[in-house]
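Please build the complete structure, drawing on both the sequences and the hints.
Protein sequences, first through last, are from chains A and B. Heads up: the first sequence begins at 176 in the numbering used here, then just goes up one per residue. Heads up: the second sequence begins at 176 in the numbering used here, then just goes up one per residue.
Calculated directly from the structure, the hints in this document are not laboratory data. There may be inaccurate statements among the hints.
Below, simulated DSS-like cross-link-like pairs (lysine-lysine); rule was C-alpha separation at most 25 Å, straight line [claimed, not checked]:
| hint | chain 1 | residue 1 | chain 2 | residue 2 |
| --- | --- | --- | --- | --- |
| 1 | A | 180 | A | 376 |
| 2 | B | 320 | A | 328 |
| 3 | B | 328 | A | 354 |
Rough simulated footprint, nothing fancy, chain A against chain B, three-plus residues with beta-carbon under 8 Å [claimed, not checked]:
| hint | segment |
| --- | --- |
| 4 | 290–302 |
| 5 | 305–318 |
| 6 | 327–335 |
| 7 | 383–393 |
For clarity, every value in this text was computed on a predicted model and none was experimentally measured. Positions of the beta carbon are idealized from the N, C-alpha and C atoms, including for glycine.
2 protein chains.
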Amino acid sequence: MSHTKLCSRPIKGLILDIAGVLKDGDIAIPGSVEAVAKLQAAGFPFRLVTNETLKTKKVITKTLNMLGFRTTEREMFSPIPAIVEILKKEKLRPHLLLHPNVLPEFKDLDMENPNCVVVGDAEECFTYETLNESFRKLMEMEDPKLFSLGIGKYYMDDDGLALDVGSFCKGLEYATGVKARIVGKPSSDYFLAAVDDLGLKPEEVVMVGDDIEFDVNGAQQCGMRGVLVRTGKFRKTDESHPRVMPDAIVDNLLHAIELVLNSVQNFKHKI
Amino acid sequence: MSHTKLCSRPIKGLILDIAGVLKDGDIAIPGSVEAVAKLQAAGFPFRLVTNETLKTKKVITKTLNMLGFRTTEREMFSPIPAIVEILKKEKLRPHLLLHPNVLPEFKDLDMENPNCVVVGDAEECFTYETLNESFRKLMEMEDPKLFSLGIGKYYMDDDGLALDVGSFCKGLEYATGVKARIVGKPSSDYFLAAVDDLGLKPEEVVMVGDDIEFDVNGAQQCGMRGVLVRTGKFRKTDESHPRVMPDAIVDNLLHAIELVLNSVQNFKHKI
Chain A
176 MSHTKLCSRP IKGLILDIAG VLKDGDIAIP GSVEAVAKLQ AAGFPFRLVT
226 NETLKTKKVI TKTLNMLGFR TTEREMFSPI PAIVEILKKE KLRPHLLLHP
276 NVLPEFKDLD MENPNCVVVG DAEECFTYET LNESFRKLME MEDPKLFSLG
326 IGKYYMDDDG LALDVGSFCK GLEYATGVKA RIVGKPSSDY FLAAVDDLGL
376 KPEEVVMVGD DIEFDVNGAQ QCGMRGVLVR TGKFRKTDES HPRVMPDAIV
426 DNLLHAIELV LNSVQNFKHK I
Chain B
176 MSHTKLCSRP IKGLILDIAG VLKDGDIAIP GSVEAVAKLQ AAGFPFRLVT
226 NETLKTKKVI TKTLNMLGFR TTEREMFSPI PAIVEILKKE KLRPHLLLHP
276 NVLPEFKDLD MENPNCVVVG DAEECFTYET LNESFRKLME MEDPKLFSLG
326 IGKYYMDDDG LALDVGSFCK GLEYATGVKA RIVGKPSSDY FLAAVDDLGL
376 KPEEVVMVGD DIEFDVNGAQ QCGMRGVLVR TGKFRKTDES HPRVMPDAIV
426 DNLLHAIELV LNSVQNFKHK I
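As structure tokens, this is what we get:
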């Protein structure tokens with residue numbers, strides 16, 4: 176595959192997936208520590224974009240640092256700060272169905288007499304009582320709004336597969352008839368907020384991910400370019416996907432970063 | 176509305192909804208105690224068909240008896256005995272996500288190494304742990320089967336609206352990609368099992384209910400006739416429903432029973 180498509184226009188910023196691109200579980204993917212270091216050395220703008228809502232940006236950053244990545248919270252983009260921003264902007268008062276780990280992030284918001292419900296992965300905090308409470312709040316609202324932090328089906332936990340937020344969101348949607356607004360990949364709103372956080376336009380930004388649907392297609396749907404890496408959940412069949420054509424397919428993150436930095440160099444020479 | 180449609184063919188048995196037809200909450204609907212007594216006096220075959228899965232037939236019968244109905248367990252048809260019958264017939268080993276009240280009803284079944292999951296209204300027993308356990312069991316199965324005892328969205332509980340089993344079933348369906356088989360109204364399998372329990376054919380049986388979709392349409396979809404009563408959740412707009420045309424619309428159960436018994440008398444005279 177040639178990279179003409181990827182490099183036909185200037186690239187001014189990057190959005191990188193974490194799981195399957197930077198790391199697999201608790202192991203850094205070979206070359207990815209070096210790749211991130213190269214971006215930082217070149218002063219090239221990027222954001223690490225995740226759907227993780229069980230931990231704050233601070234804790235996710237700490238985990239990455241332990242694996243050798245010298246990333247900071249400022250370079251991280253996660254659904255929690257994104258929803259806080261949306262709630263502030265739209266003057267919404269949330270009822271929260273979230274893991275206690277992340278509740279402090281909402282401390283500045285008015286939560287009296289809620290006019291929306293925010294559901295994220297809450298693990299053992301999903302109980303009949305908490306789900307029913309969120310359901311009742313939605314049914315009481317004049318104009319009910321439901322936000323879901325991602326819409327994942329399940330993920331691999333230490334002791335096996337674990338239900339993700341999508342399952343609980345779909346249940347609330349069915350009972351209330353309210354369609355949730357997704358804050359997380361692959362929602363365009365979410366990608367565009369990350370692009371906005373970089374101070375760039377979608378056409379100037381490239382997303383690098385291992386999920387051809389959520390990452391590559393999600394990014395392309397909102398005007399970015401999407402690069403697929405052959406790491407993480409990548410499968411050979413992704414290369415001939417019936418609908419999604421990545422702007423490039425590369426072996427790993429390091430390969431992607433080298434391509435991008437070379438392309439930037441070439442554009443500089445043209446000017 | 177004439178009742179020609181209802182009475183054009185012999186009626187040999189009846190299926191009666193409980194909530195909204197026999198009683199509203201803890202109050203017998205006027206005329207319904209008399210109506211059931213008339214059926215029993217005439218020796219006319221009928222079944223009381225409910226989606227209730229928090230209580231055994233025994234407990235539901237006791238509640239009806241306290242309201243003045245002289246009904247027995249034998250006249251009751253509920254999803255619990257229906258699913259037990261299906262599991263036995265299809266030699267399935269269930270993993271149960273049900274309320275502890277009804278677990279003893281499954282005591283004769285083999286539940287080692289389960290090859291299906293049965294979910295019913297479990298109220299406070301719906302926890303992340305129990306839902307995740309059912310999810311994992313389904314993901315481990317070679318040919319996963321999911322049964323849902325009804326697919327209701329919510330119901331009115333003593334202290335307000337309460338999430339029904341449908342919400343949890345939809346969540347499991349989303350996460351696993353397995354489509355549930357519904358044992359309860361409005362599923363045809365369920366209606367046909369009740370008809371079978373009467374020892375009759377669908378075209379010989381009339382269903383009387385207050386829900387134009389679940390009761391009337393559900394019954395008509397499997398070859399029965401469906402009568403709508405103007406009690407319970409009936410609304411004026413049901414009389415001009417865009418898709419469903421009841422075989423009769425009557426004021427209440429007593430009215431329905433009088434029509435049916437008269438019709439039976441007329442057919443006898445013809446012979």
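Hints breached by this structure: Violated hint (a single one): 7; every other hint is consistent with the structure.
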